[in-house]
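There are 4 protein chains.
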Amino acid sequence: MEDRTHREQASPETRKRIQDSFARQGLMSHLGARITHIAQGRVHIVLPARPEVTQQHGYFHAGATSAIADTAGGYAGFTLFPEDTEVLTVEYKINLLAPALGDHLEAVGTVLKSGRTLTVCQLEVFAAQDGGRKLIANGQQTLICVSRP
Amino acid sequence: MEDRTHREQASPETRKRIQDSFARQGLMSHLGARITHIAQGRVHIVLPARPEVTQQHGYFHAGATSAIADTAGGYAGFTLFPEDTEVLTVEYKINLLAPALGDHLEAVGTVLKSGRTLTVCQLEVFAAQDGGRKLIANGQQTLICVSRP
Amino acid sequence: MEDRTHREQASPETRKRIQDSFARQGLMSHLGARITHIAQGRVHIVLPARPEVTQQHGYFHAGATSAIADTAGGYAGFTLFPEDTEVLTVEYKINLLAPALGDHLEAVGTVLKSGRTLTVCQLEVFAAQDGGRKLIANGQQTLICVSRP
Amino acid sequence: MEDRTHREQASPETRKRIQDSFARQGLMSHLGARITHIAQGRVHIVLPARPEVTQQHGYFHAGATSAIADTAGGYAGFTLFPEDTEVLTVEYKINLLAPALGDHLEAVGTVLKSGRTLTVCQLEVFAAQDGGRKLIANGQQTLICVSRP
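Chains as they are written, first to last, in UniProt numbering: chain A, 1 to 149; chain B, 1 to 149; chain C, 1 to 149; chain D, 1 to 149.
Okay, chain A solo, but in the shape it has when bound (with noise of 0.2 Å):
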């Protein structure tokens, strides 16, 4: 798997764009979250644990768990749309499936199906902690691409 991804790496062009974009992101460089891996209709993000992302119990917060996911999700949607376009999220759903605890968070969004107007993408977050990783959260999201202004 992690051959084919890096294998997988989206053009410069694309991957500049999206680092742009994502540089934008107030939230994102808030939270410490960075983009780790941009390839054609996957996008990998990075979470590290600390005070500032965390729920009353200590572990990941569900709102930052899914910040990341739909993230992630987005701009794998993105790397697949045409020049001059923008990405929307519309709906996405998330289930979280474990206590979110670990060194750091991982979110990676995936294209499902793209269109010309929607993209729908498979989300998904996994914790890794000691070498391991576990799958905390799994969703779907249903992307739109507008026309840049």
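Source of the hints: derived by calculation from the structure; they are not laboratory data.
From the three backbone atoms N, C-alpha and C, an ideal C-beta is built for every residue, glycine too.
Be a bit skeptical, because a hint or two may be false.
Cβ-Cβ distance ranges computed for the label pairs, FRET-style [to be verified]:
| hint | chain 1 | residue 1 | chain 2 | residue 2 | range |
| --- | --- | --- | --- | --- | --- |
| 1 | D | GLY132 | A | GLN9 | 26 to 32 Å |
| 2 | D | SER29 | C | PRO48 | 40 to 46 Å |
| 3 | C | GLN40 | D | LEU135 | 32 to 38 Å |
| 4 | D | VAL146 | A | ALA98 | 18 to 24 Å |
| 5 | C | GLN40 | D | VAL146 | 38 to 44 Å |
| 6 | D | HIS57 | A | PRO99 | 42 to 48 Å |
| 7 | C | PRO149 | B | LEU101 | 34 to 40 Å |
| 8 | D | GLY132 | A | ARG148 | 47 to 53 Å |
The hints should help you fit chains B, C and D onto chain A, whose structure is shown.
Frame of chain A, contents of chains B, C and D only:
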């Protein structure tokens, strides 16, 4: 509606239990969110606009919108739970209906169906600007009541 | 609520357009469902109880519940669409809140947000028995408006 | 995939328990659906095309698509439940990815996360035509395990 809201305020014990739990959520204070109303089965959370909660176009990030919606729903359910229990989000789904632009967001979580194990909430997020208030996100959430360890 | 419902009846043209489309849905007549009310932005569908729509315990099957909910929402959106367009369901999410037991189900689809391309509806399903009426399912649906080929 | 599927067939007891339950679902036989495979944590249901399961354009109705998806997921979860329990659908979300056109539909429900109380499944529906097979719907479902009364 507003009058009804204020008449319905939860008991001091319930409000304290929820304010204490909320204060332990690192993410909520990091985002600048605060609870503004706690009724039986309904909780309101306000998030002021600032660069730290934006997406790439300067609107509120869907992740911030979702984080306060999920939290409002979770505590709305929690107002109806017995002592010595905790609330966990099983899953939620949210539609982003309009660009989230305004002075602040207000998330309202309302219990639709309260059960012994599972509780279902409606999630609404409004953007407030210049005295107006617009529904910008709508969702549905499933919570589980678990015994405190 | 009932009074408001009846005052709000859609135009004869809209009602005819929807009744004609509904009549072409093989599944709805096979299940025994019928449209009972068409307002601007809201449609009601009734499904009488019979063995052909049950799950293993004799309740209404979640698939039957969902089928009328999805259809009620789709036509609710369709009441607001321009001529020469069609409605497609993009996605929906539904919570089954209580056992679906009764003489008949009534699904109510209501437009929450109507846009040029996408429309979001609330879905509610009630079970009616002995004069009472209970919410047994609640959902949310995204529709797309497409030009007729 | 197919090979793995066939190796993984559930025990005769589990398969009998599920076939017996399925046979009591009035809706499934009324639609003409049948279970074609029961593995541990995965169930396949096939629905042949016929006028009784169509929407207004002659495609499979989203309600029929959802009904077999929900049922496949429910029984997939049920294969992993202890004796003397029942399965109920808490909620599900489904995206209709493409027009559901073909000789038959095949719904595949697969357990993603199995817990003592809650189980989360992935739902996929494929349309089969002329030897080809296309993903036309994708969803996610939450089930609850309840003691038999």
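Starting from the hint list further up, note which numbers the structure goes against and sort them upward.
2 and 8
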